[in-house]
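Asker: Heads up: the sequence lines are chains A and B, in that order.
Counted from 1, the first sequence has number 221 at position 221 by my numbering; the numbering is strictly sequential.
Count along the second sequence from 1, add 404, and you get the number used in my numbering.
These are computed hints drawn from the structure, not numbers from a lab.
Predicted model, so just to flag it, every value in this text is computed and none were measured.
Where hints are given, some of them may not hold.
Claimed, not checked - Here are the simulated distance ranges between beta carbons:
no. : chain 1 : residue 1 : chain 2 : residue 2 : range
1   : A       : I277      : B       : V424      : 37 to 45 Å
2   : A       : V273      : B       : R482      : 52 to 60 Å
3   : A       : I23       : B       : R413      : 51 to 59 Å
Note that the Cβ used here is the ideal one computed from N, Cα and C, for glycine as well.
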Amino acid sequence: MQLTSMAWRNVWRNKRRSWVTIIAMALGLWVMIGYAGLVRGYLRQMERQILDVEVGDVQVHAPGFRDDPSLYRRIDDAAAIGERLGAAGFRASARLLGAGLAAAEDNSSGAQLIGVDVAKDAQVSAVHDAVDKGAWLDPKEPAGVVVGRYLARTLELAPGDELVLLSQASDGSMANDLYRVRGILGPVGGGVDRGGVFLTEAAFRELMGVPSGAHRIIVRAPEGMTLPAAKAGVVAAAGQAEVMTWRELLPVLAQMFDAVMGAMTMGFLVVFVAVGIVLLNTMLMAVFERIREFGVLKAIGFGPGAVLGLVLLESAVQTALGVGIGAGLSLPTVWYLQRYGLQMGPDEGITIAGVTTSRTWYAAPNAETWLLPIAVLLFVVGAAVIYPAVKAALIRPIEAIRHR
Amino acid sequence: MNQPIAELRDVHKTYRQGAVEVHALRGLSLAIEPGEFVAISGPSGSGKSTALNLLGGLDAPTSGRVLVEGQDLGQIGRRRLAALRRDRIGFVFQAYNLVPVLTAAENAEMVLALQGVGAAERRERVARLLAEVGLAGMEDRRPDELSGGQQQRVAIARAIAAEPAVVLADEPTANVDSETAAMLLDLMGRLNAERGVTFVFSTHDPRVMERARRLVRLVDGAVESDVRR
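One chain only, chain A, in its complex shape (with noise of 0.2 Å):
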């Protein structure tokens, strides 16, 4: 008669007990496996827009643009800087800033004009992949534009659409010119949303009348490479300009995505302290009720050992099923979440401290959000199963026997 066997049919004495356990245990998975996917997904999704879209892993600011962003503060070495940092493994796109007014017949609303090297630009921001409607810049036709959604919604532009651009060009002189809307852009984030216009790097020096220079270098480190040493490398190859991190760049996101991972941590803890409880519960139960027993098998010979084995045998069968059904459960429902999403919000997304998420939320699994889960549930029915399981291996035999 082996102890495993013994355990196993223990465990089926009393089915209904069982199987809430069970179930318990399983529900309890299948939600933090679903909700682990789910706030993956929503992070990768967060980060994707803040990084990959608009702000990248690292900026470099001519020394007080941050404060005063003026179109004379610029990064005169922005060309020199690019190839230092593309020699340290970075990869770097220049943008040239600027503020003006845009205007389409008989509407007009301010505007932050933002010209981007189109080729190079790709290489760091995803903003080309977030048009909605027509198509990203081509360098052959720097009479076009890609403007924000909200901008285009307050002028009334459809792309093939003529706009005007107004401004005033570094030499003084009054900027204006016309151009043709290529390119309308999705969720981007706020400030691009509400009055983003972006030109091609030659058609924004002639407007403005800026020959050389930068206002913002976008810098993206290579994969693997953490953000502080990120930005020493690019503090490395900067000089004097002013090199900020996303997270600094973005404090209130940042503290979000930390404050994000403490939620997901507080609803693991949630879930699985529940499940302890109903499994500590059980647990006493079963040794409780079996008292006697346990003092019947102590007294002919069984060990604290062997009684402890066979408690934490019981449990063990019951958290196998429980993590087979949960983890087999998960599978379609994270599959279902990965390919179709839950819709969270309204049709525009949704915008924190100026980034734009799209309405639907996604998973991103990976292996951890299983193993993180079923690791936590493991610990917690370690934790919850040692005390009965060592009451019943310590209990003297006279005491177990006489119990009633």
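With chain A held as given, fit chain B onto it using these hints.
Answerer: Okay, now just chain B, sitting in the frame of chain A:
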């Protein structure tokens, strides 16, 4: 005279029931010799079950010594005590106390399994044993499929399977009818006579006392009489 298989030497046992101290045994000395068929009788509270529990290492004396095959149970650890109970002492309880999820054969072979006896040998020895106690063909029945008498036979088979030095039986006939009690006593008498198994009973049952070849009567935790027949 043989060395005693089990022995109580000047044993005192005191329990505390709330604020009251109960003296269950008062300087009891008793030696059980190999091959004996002993009944310990006495009124309720006389200390007979306590004496049996001490002999089996299930309980510890307040003072005095308990020896099994010369080993002082007060001097050995929890693990060695468990091994001693497994290898040298068999127990038969009033309420049978079989493990309900195990079959008759599995219950009977449990001690052998704990000793590490191989599955084939266990099966063969237990089949023989169950046939000897009149349960041939019932090996695969669970306790709830057996009568009280049949369950007690399985308990006896479990107690003697590992060929212990002594079998301690606490009121083994208390929960069965007269006919079954007589059958159980025949069985244990035969095992004692044919296999030399030493039996020590605690009992109220006059039928057990009649069959015993040594009758120890306890009163107030001490031996009132000790008669060999």
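Asker: So, for every hint listed, does it hold in this structure?
Answerer: Hints, one by one, checked against the model:
no., hint, verdict
1, I277(A) x V424(B): 37 to 45 Å, "39 Å, holds"
2, V273(A) x R482(B): 52 to 60 Å, "34 Å, violated"
3, I23(A) x R413(B): 51 to 59 Å, "57 Å, holds"
In summary, the one numbered hint that this structure violates is 2.
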